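Asks: Given next are the chains, with one letter for each unit.
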Amino acid sequence: MDFSAFFMQFLSGLSQGMLMVIIASGLSLVFGTMNILNFAHGSFYMLGAYFCFAAVTLLPQISGNFWIGLILGPLAVAGIGGLIERNVLRRIYSRHLLDQLLLTYAFVLIFDDVVKMIWGIDFQSVRMPAVLSGKLDILNRSLPYYDLFLILMGPLILVGLYLLLQKTRIGRMMRATASDAEMMLALGGNVRALFNRVFILGVWLGGMGGALISPQAAISPGMAVSIIVESFIVVVIGGLGSFWGTLLGAFIFGQFNAFGILFLPRMAIIFPFVLMALVLIIRPWGLLGRPED
Amino acid sequence: MKNFVLKLLGPGPLGPVLALVFLIFLPLFIGESWVSLMVEMIALAIFATSLNILIGYGGMVSFGHAAYYGIGAYTYALLLTKAGAPFLLAMVAAPILSALGALMIGWFCVRLSHIYFSMLTLAFGQIVFAVALQWYGFTRGDNGITEIPFPPLLQSTQRFYYFALVVLALSLWGMKRIVDSPFGKTLQALRDNPLRTEFMGINVRLYSLMAFVIAGAFAGIGGALFAAFNHNVFPTFMHWGKSTEALVVTLLGGMFHFFGPSVGSILLIFLDKIVTSYLRYWSFVLGILLALMVLFFRGGFSGYVMERLNAMGAKRGEGR
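Chains as they are written, first to last, in this note's numbering: chain A, 1 to 293; chain B, 1001 to 1320.
Please note that the accuracy of each hint is not assured.
With the C-beta cut set under 7 Å, the calculated list includes, among others, these residues of chain B facing chain A [said to hold, decoys possible]: (1) Leu1088; (2) Leu1089; (3) Val1092; (4) Ile1096; (5) Leu1100; (6) Ala1123; (7) Gly1287; (8) Ala1291.
Chain A stretches covered by chain B per the calculated footprint, using a threshold of three residues with CB under 8 Å from any CB of chain B [to be verified]: (9) 44-50; (10) 99-105; (11) 113-121; (12) 230-243; (13) 257-270.
Counterexamples of contact, computed for chain A against chain B with all Cβ distances above 10 Å [claimed, not checked]: (14) Gln9; (15) Trp67; (16) Ile110; (17) Pro129; (18) Val131; (19) Leu136; (20) Leu164; (21) Ile170; (22) Arg175; (23) Arg192; (24) Ala218; (25) Ser220; (26) Pro284; (27) Leu288.
Since the hints were derived computationally from the structure, they do not count as laboratory data.
It should be emphasised that the depicted structure is a prediction, and the values quoted were computed from it without experimental measurement.
Note that CB positions come from ideal geometry on N, CA and C, so glycine has one too.
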């Protein structure tokens, strides 16, 4: 394989990885702070895509529809997430792992049918915005502009998230809660309100991932289930709750997918799980995570 | 009357024996389509009860239990189609292969706890699923293995039902014996306090692994039974979606009672049948039901019934 083909495959993997980092960092943030592994995260991703689709189709046919959907879609999803946290999830924080997993799984089942009720079972698609619909020629090969857009969006959102967590008051409080929620409570921090915001932020990231993929993928009720397991792979490889770990995990996941399909197409779906299993066996806390006390 | 009900649901053999008698005569009064649903309930009940050995008794939340169900189903199917093995041999080989698979996978999994255990079982489960999906030469991939030969003796639904009932009775009896044995008690001790159990000189990993292998073997029986009934096996038998089905059933029926998962299997398949005949949105209904159960009826259906009965018993005691 010549260098240009190799490089193109790398870029394709990078764009997949960048999309995954947006989605998975939401899952990881919620787990790291609230200690909840949210199965419904995949559903929020799916809702992000459907809401973006709704904005594009329902709004008057103007050219900027996709961008409006990209902004409003994830916000709407985040609002739903906030309501779910406030009214339902809040009740089970001290419960057994199984209860938490099954309650969030219940939302997977519910949203699965809700989107079927509203949009039917057919695949939907969002038209690629005109600005991003071309292809870029590099090294005598072409790369869709949209892949480049994703490669840029990943770091952009990640930098925003990083600044939010490191430089703002609320971000510092989120990190404090993540490291010791009890101490935070003792110091008079409003952990409840903080959990709500963390969850909203996490859900927004999931919804954003869905809105971003909507012009590139078929939007269907099945997309929630496939993405959640992929997100698990990413956060487990990097380390549950680790910010940089999620980035590394997503990068590795994207590259494994891109090159796996190239070299061993039939093994490609096994690789990520083998990697996940290996990481769990050798370093259960993930490549960049910290071991539990 | 109350006394009788309490005795029926108590630890003695009265309840299970009466239930068995009921199940023996039931097919005489219901149509064939219901009998075939009951076979599905039986296969699911064995599968879910085996999972509950891990969850309810061992405190280990496995997300890849369908792997052993699937290994059982494929072992049965491959032995009959490729090797032309006799029916009973295939039925016996299925749990053995499942146990071997569980031994290899469990050896790694039991080293981890909580969420990491769940994630590793999920990863291994999906690896097994992916192998079944991709190994066309052996498993025929997503086409599945179809038209599995079948002993003429069990050809009718009703006959197969009685065979399934025997398998169910033996499996539940076996599992009940195991969870009531000193081994089962140790398992519960390590669920409640692993550290303390270890201090008592118990090899926690070994016990966890034994539970994992036993649960895997019985899951394999459930898988082989369903494969025999269905005449076809598909890779989706091993998908994590199938594992969550067993989790849902366990929660619906109640994980703190030995027969909880069996009750959950009956509930799930029965409700599925009823709801889908009126409404297209079964998973919506199931999702709502599941959320309500988690939030308000933690012990599941069986837990709720026991709670009511205990309350009744307590009231009567006060009256005296």
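Asks: Using C-beta distances, would you say chain B covers the segment 113-121 of chain A, given that this needs three or more residues below 8 Å?
Replies: It holds, with 4 qualifying residues against the three required.
Asks: Looking at Leu288(A) again, its CB stays over 10 Å from all of chain B?
Replies: 16 Å, holds
Asks: Taking the closest pair, is the beta carbon of Pro129(A) still more than 10 Å from chain B?
Replies: 33 Å, holds
Asks: Does Gly1287(B) hold up as a contact with chain A if the rule is Cβ-Cβ below 7 Å?
Replies: 3 Å, holds
Asks: Far enough from chain B: is every CB of that chain over 10 Å from the CB of Leu136(A)?
Replies: Consistent with the label, Leu136(A) stays out of reach of chain B, its closest Cβ about 34 Å off (over 10 Å).
Asks: Using Cβ atoms and 10 Å as the threshold, tell me whether Pro284(A) really stays out of contact range of chain B.
Replies: 5 Å, violated
Asks: Verify this label for me: Ile170(A) is non-interface relative to chain B, using a Cβ-Cβ cutoff of 10 Å.
Replies: 26 Å, holds
Asks: Quick one: see if chain B covers the segment 257-270 of chain A, three-plus residues with Cβ-Cβ under 8 Å.
Replies: holds (count 4)
Asks: Non-interface claim for Leu164(A): all C-beta distances to chain B beyond 10 Å?
Replies: 26 Å, holds
Asks: Would the stated hint for Leu1088(B) survive a check requiring a Cβ distance to chain A of less than 7 Å?
Replies: 34 Å, violated
Asks: Confirm or reject: Ile110(A) is not an interface residue toward chain B, with every Cβ-Cβ distance exceeding 10 Å.
Replies: About 4 Å separates Ile110(A) from the closest Cβ of chain B, which leaves it inside 10 Å; violated.
Asks: Minimum Cβ separation between Ser220(A) and chain B greater than 10 Å?
Replies: Its Cβ never comes within 10 Å of chain B, the nearest being 15 Å, so this holds.
Taken one by one, the earlier hints fail for this structure at numbers 1, 2, 3, 4, 5, 9, 16 and 26, listed in ascending order.
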